[in-house]
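Chain A is fixed; fit chain B onto it per the hints.
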Amino acid sequence: MPMDPSFVGRTYPPTAPYQVGREKIREFATAIGAADPAHHDPDAARALGHPDVVAPPTFPVVVSERASQRVFTDPELGVDFSRVVHGDQRFAYVRPVVAGDELVCHLTIEEITQRGGHDFLTTRTEVVTTAGEPVVTMWSKIVVRGEG
Amino acid sequence: MELPVRTYRVTRADLVRYAGASGDFNPIHWNDRVATSVGLPGVIAHGMFTMALVGRALTEWAGTADAVVEYGVRFARPVVVPNDDEGTEIEVSAKVREVTEDGLTRLDVTAVCQGEKVLSQARATVRTRG
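Order-wise, the sequence lines are chains A and B.
Just so you know, the UniProt record's numbering puts 119 at position 119 of the first sequence, and the rest follows in order with no gaps.
Just so you know, the UniProt record's numbering puts 114 at position 114 of the second sequence, and the rest follows in order with no gaps.
Quick caveat, the hints were computed from the structure, so don't treat them as lab data.
Glycine included, every Cβ here is placed at the ideal spot set by N, Cα and C.
Each hint should be verified, as a subset may be incorrect.
To be verified - So the derived list for chain A, only partly shown, Cβ under 7 Å to chain B, looks like this:
id, residue
1, Phe28
2, Ala31
3, Ile32
4, Ala34
5, Asp36
6, His39
7, His40
8, Val54
9, Pro57
10, Val84
11, Asp88
12, Phe91
13, Ala92
14, Tyr93
15, Pro96
Isolated chain A (complex conformation) (with noise of 0.2 Å):
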C-alpha cells in the first residue's frame, strides 16, 4: 500500500539530548581515516577557533539516529524497515559539530511520493544546541522498495 501523502508536514518531538564527546569523535574519523589534527588534538581545533575536537562532516548522522528510529517505527506511517534503502543524504552546516556539543534533533517529514511502485520518504532535520543555536540541517531521502 502506498505510504500516505498526508504524513507530509508530521513533525516528532526532540530527541533527548545527544553529548557530544571528544572520544566518538576521535573514533569516528579514526573509522574514516580522517587524520587531520583538528579532528583528534584540541589544540589543533582551537587554533581554527573551535572549542575542542571538530567532528568531521558526515558525523551528524550519528546524531541524528534516535530522531530516524522515530520515523522507521511510526506505527501511523508504517515504513516496512527490510525494505529501506538510503536514496540521497545531504548537510546544510552552520558550523561543524565540536565535543562538548550538547544536541537536540527536531524531525519534519518534508516529502512523500511514489514512482515505480516505490514510496520515496524525504525527512528534514534540524541538528541544534540545547540553548537553540542551529549547527546543522540533514535532509534524508530514503526508498521504501515496493513488493514484487
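Coordinates of chain B only, in the frame set by chain A:
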C-alpha cells in the same frame, strides 16, 4: 579545474570499524548470509561510509577539517566489499564548478568503484580560508 584523485581502500574490517563508530549495525554491512538473502551480491559498504570517505576527501582538498559548508549525494550503486584482505577501492575525484567572491568553492564530485559511479549528483561547497 580538477582536484587530485584520492583513492580509498575498503575492507571488511573497515566496515566493522565504521559500524561500531557510527552505530549502524545493519547486518547487510557485515554478514554475507543476510546480504545475499535480500538479493545483494554480498556484503556492501554503508552508503554513509562512502559518503564519509568523500567528506574526508573534501576536507583534505580544502585543507581544513571545518571547511565543508554544504554537502549532498545520491546513492546510485552499492559498494560490494569482498571477504578478502584486498577488499575494494573507491576513487574520488572532483571538479571546481564555481568560486564565489565570498570565498566559497562549489565542487562536483565523482566516486567510482570497480569502474561504476557509486554516487550521483554529489555536490559540495567548501570554504577556503583566505
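Unsatisfied constraints (hint numbers, rising): 7, 10
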